[in-house]
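Trainee: Residues per chain are reported as follows:
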Amino acid sequence: MSAEERTTGPLEYRTEAGRMSILGFWIFLGAEVVLFATLFATYAVLFGRTADAPHPAELFEPSMTLIMTFLLLTSSFTCGIAIHEMRRGNAKGLATWLIITLLLGLGFLGAEIYEFVHYVHEGATLPSSAYWSSFFVLAGTHGLHVTLGIGWATLLLIQLARRGLTNVTSRKFFIVSLYWHFLDVVWIFIFTGIYLIGMVI
Amino acid sequence: MANTKKRIPTQHVIGFLLSLVMTLVAAWAVIGSDLPKMWVIISILILALLQAGVQLFMFMHITEESSDGGHVPWNMMFHGFALAAILVAGSLFTMSFGFDHGDMDMDDGHKQEQHSEHSE
Amino acid sequence: MALDEFFVTGEPLIYAGMVSIALVTSAIIFLLTYFKKWGWLWREWLTTVDHKKIGIMYILSALVMLFRGGADALMMRTQLAFPGLEFLDSQHYNEIFTTHGTVMIIFMAMPFLIGLMNIIVPLQIGARDFAFPFVNAVSFWAFFLGAMLFNISFVIGGSPDAGWTSYTPLAGAAMSPGPGQNFYLMGLQLSGIGTLATGINLMVTILKMRAPGMKLFHMPIFTWSTLVTCFIIVFAFPILTVALALMTIDRIFGAQFFTLTGEGLPMMWANLFWMWGHPEVYIVILPAFGIFSEVIATFAKKRLFGYNAMVWSMIIIALLSFLVWVHHFFTMGAGAFVNSVFSVSTMLIAVPTGVKIFNWLATLYKSRIEFTVPMLWSLAFIPSFILGGVTGVMLGMAAADYQFHNSYFLIAHFHYVLIAGTVFACFAGLVYWYPKMFGHKMNERIGKWAFWLFLIGFHICFFPQYFLGLDGMPRRLFITNIAEWLPLNVISTVGAFGMGAGFAVFVFNIYYSYRYSEREKTGDAWGHGRTLEWSTTTPVPFYNFATVPYVDEIDPYVRMKEEGKTTFDEKKLKPIHMPSYSGQPIIMMSFFALASFALVFEWIPLAIAGLLGGVACMAFRSFDYDDGYYVQVDEIKRTERKARGL
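Protein chains in written order, with full-length UniProt numbering: chain A, 1 to 201; chain B, 1 to 120; chain C, 1 to 646.
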């Protein structure tokens, strides 16, 4: 573990420990891709197995899912701006944009909870059929990731307030931003794979 | 990143606009267009892949210099997505071919044909 | 819940198990208290983040698990040789073959290999520790507590009994109610997360922490096999995580993934399980190939033949391993086209594997072989493994598989590849690197006894099973009083006890060598070491390398010895940065283990409390800015001079 420090380039990459953590997180994201792919595979195979529960095309509302998608897309954009500000050395900008990101994330979560409650009211519950089991677990796993991301970023904001921008805090923020963008990637596939295709078939 | 000091993050803005446009096009293809179903599905899947690319390259800076050109991240993402395709397509292929089509008779005949080929 | 529902009652064998657990636990507690070793245990082992100590803990746990799985195997063999004795009833037999399979694959083979990787890989690449030592400790405790959770099932709540593959609908809530199957799900989940973290950790370690100058294609072959294995782990284990989670949600929260109601699809479990399960068998065999390559090159005293071909064949095996999973359920009833595709991809794997076999033979060709114990294990591996591999290709033919499926032919096949491949490699690797870990060799004479007993026992045990399979004996059968099967079953049981005796001698050798073996004075215990791990002193100082050598070739230690270079260059000494020990990993994972235990019994509030505790530990860790400490030059000088007798 050499402590050699670079003196140029983004703060988060200057130490060997920082570079290793970021690399490790990319590898972890590779594992996350497979995790969600397995859920997608289950969803695809169980598609149409709704038993006595409603068919998804009866329940899905394009406007609702589009709102959720725009909330998450925008949050991914503001998260990118936050990291851009961090690399300019602007801790205040980082905090502001990240808080906006988290608020958008909370909005997304609220919409998702509303959507789930609505489906349950219509008789599409987790135990109602194989299809709805796979739907709730796939979308729910993504929602759980978003929740964890919000909690995680909040902890980092406290650390930022205490310590300011250092090699360590900027590495942590960079990693949480990778996580957040990745959740958007997953959502794009949920939006396409579940909602759009669900409305076509 | 070369443009660290720039005030306006052009790349992010372009990426954001691109993803908004692609989302709307995908939604239109499903709701508004009368393209055949197969074409709709293929085109929205391609749009989803492009959007994932926007996130990876324009927002996550997967190939930036500081991470050694993103050699390892790129490798992990590429293989992750390749495996994702194998998982989804492979599961559909395995779990529906042969007994989920309702035309078992034809399938059985097919199977017997294969058997006799092997035994020769 | 009444106490007699909580504890398993009514079985004399299980009462005996409870008594022995109680006795062993109280003996350990007594000894630790009597010799005032609690503080030592906590400071030196439970809180360690040193890869060498964690590796030793992995290997010790794996040996205990080998004993447990072996005891299960001997009980099964006793039942099959003397079906009239009614030694086990059908329920108990089901539980034992389930735990035997699960323990051997998940809690024996993988931790044994991961233990060896832990100790050896950083030494082979010239690193001071893992990339993330803290995470390494977390991984170990996840594995260890997962293993313990799985293992207490036979006295508390009841063992899982649906086979190690845990196929639905049998394993679903409708047909297997109660905690047994939940133990399987939660035990594997917990240890699986640990394995995934280790995979990421080792990958970053190998990619980022190699000695200066060492390119990927300069790495020792065991390190290469570890890198490829970690690649498989990272991509395969999430599939298991999801599959287990889905079945847990099915069983506890009433979802319908793998059920017979609600249009669930039970075979989807098999599909997901084997999408992980097939890569998993390569996770346990590739490191074994790496170990054999090291041992064979060392004792043939030659550079490994076809280094590049060895590396590329491993990479190709890794990629192919994700494309063959359906061959585990050819008889599901998928169409001929599906089966043909996977039949072809299965047989393709024989090609790179064959390349490796020929490379080992070519390394041995015209060399002066030294018949040490690790070399004996490696030499025995080649023909034994070929027997397993060739029958594997037979099983890979979909049409023929309709005959072989779920018969003892299959049992014989996978024991031939897993024992002759993985278990032989574990023994070979342990004996080979034993002096690095403990500062003395294992006794060669006793080691040879253990080897011959185990090898002969192995062939007597499993070779007849091919013929039992061809005679139509199905697996997982507890009554075998069919006259034609009996003689071969008795022979097989004799062999099993031979293997048991071999293992007992091996364990005795650990004790004997601890007492009587000569202590090592140099780091290069076998005298023919080729890679960097032999260039350190024995015992290895906690910082591994005082100065890291510059490496620009394969087998760098050969040249270092010729040029008289060491890993102690007083002029180049600098303070070394080391991570601090921490009690957080064991506490954090204990919370998650508590949550898992609560989920087994479906006590939801306690499970939530455990989860929150674990998450709180993670948050606490996030605020912990402990950067470790520096070892000063003076201390390094003192340590090295003492170890080198300067």
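Note that these hints are calculated values from the structure, not bench results. Among the clues, some could well be false.
[Stated by the list, open to error] Computed beta-carbon distance windows for the label pairs:
#: 1; chain 1: B; residue 1: 68; chain 2: C; residue 2: 23; range: 17 to 27 angstroms
#: 2; chain 1: A; residue 1: 118; chain 2: B; residue 2: 34; range: 48 to 58 angstroms
#: 3; chain 1: A; residue 1: 96; chain 2: B; residue 2: 68; range: 52 to 62 angstroms
#: 4; chain 1: A; residue 1: 9; chain 2: C; residue 2: 608; range: 56 to 66 angstroms
#: 5; chain 1: B; residue 1: 68; chain 2: A; residue 2: 162; range: 26 to 36 angstroms
#: 6; chain 1: A; residue 1: 55; chain 2: B; residue 2: 20; range: 50 to 60 angstroms
#: 7; chain 1: A; residue 1: 118; chain 2: C; residue 2: 619; range: 44 to 54 angstroms
#: 8; chain 1: A; residue 1: 140; chain 2: C; residue 2: 444; range: 53 to 63 angstroms
#: 9; chain 1: C; residue 1: 17; chain 2: A; residue 2: 162; range: 36 to 46 angstroms
#: 10; chain 1: C; residue 1: 613; chain 2: A; residue 2: 162; range: 43 to 53 angstroms
#: 11; chain 1: A; residue 1: 140; chain 2: C; residue 2: 583; range: 31 to 41 angstroms
#: 12; chain 1: B; residue 1: 63; chain 2: A; residue 2: 140; range: 49 to 59 angstroms
[Unchecked claim] Sample of chain A residues facing chain C (criterion: CB under 7 angstroms; computed from the structure):
#: 13; residue: 27
#: 14; residue: 106
#: 15; residue: 110
#: 16; residue: 121
#: 17; residue: 125
Backbone N, C-alpha and C define an ideal beta-carbon position, used for all residues, glycine too.
Trainee: So, for every hint listed, does it hold in this structure?
Mentor: Evaluated hints:
no., hint, in the structure
1, B:68 - C:23: 17 to 27 angstroms, "violated, 56 angstroms"
2, A:118 - B:34: 48 to 58 angstroms, "violated, 29 angstroms"
3, A:96 - B:68: 52 to 62 angstroms, "violated, 31 angstroms"
4, A:9 - C:608: 56 to 66 angstroms, "violated, 44 angstroms"
5, B:68 - A:162: 26 to 36 angstroms, "holds, 31 angstroms"
6, A:55 - B:20: 50 to 60 angstroms, "violated, 30 angstroms"
7, A:118 - C:619: 44 to 54 angstroms, "violated, 33 angstroms"
8, A:140 - C:444: 53 to 63 angstroms, "holds, 58 angstroms"
9, C:17 - A:162: 36 to 46 angstroms, "violated, 52 angstroms"
10, C:613 - A:162: 43 to 53 angstroms, "violated, 24 angstroms"
11, A:140 - C:583: 31 to 41 angstroms, "holds, 34 angstroms"
12, B:63 - A:140: 49 to 59 angstroms, "violated, 33 angstroms"
13, 27, "holds, 5 angstroms"
14, 106, "violated, 19 angstroms"
15, 110, "violated, 22 angstroms"
16, 121, "violated, 18 angstroms"
17, 125, "violated, 9 angstroms"
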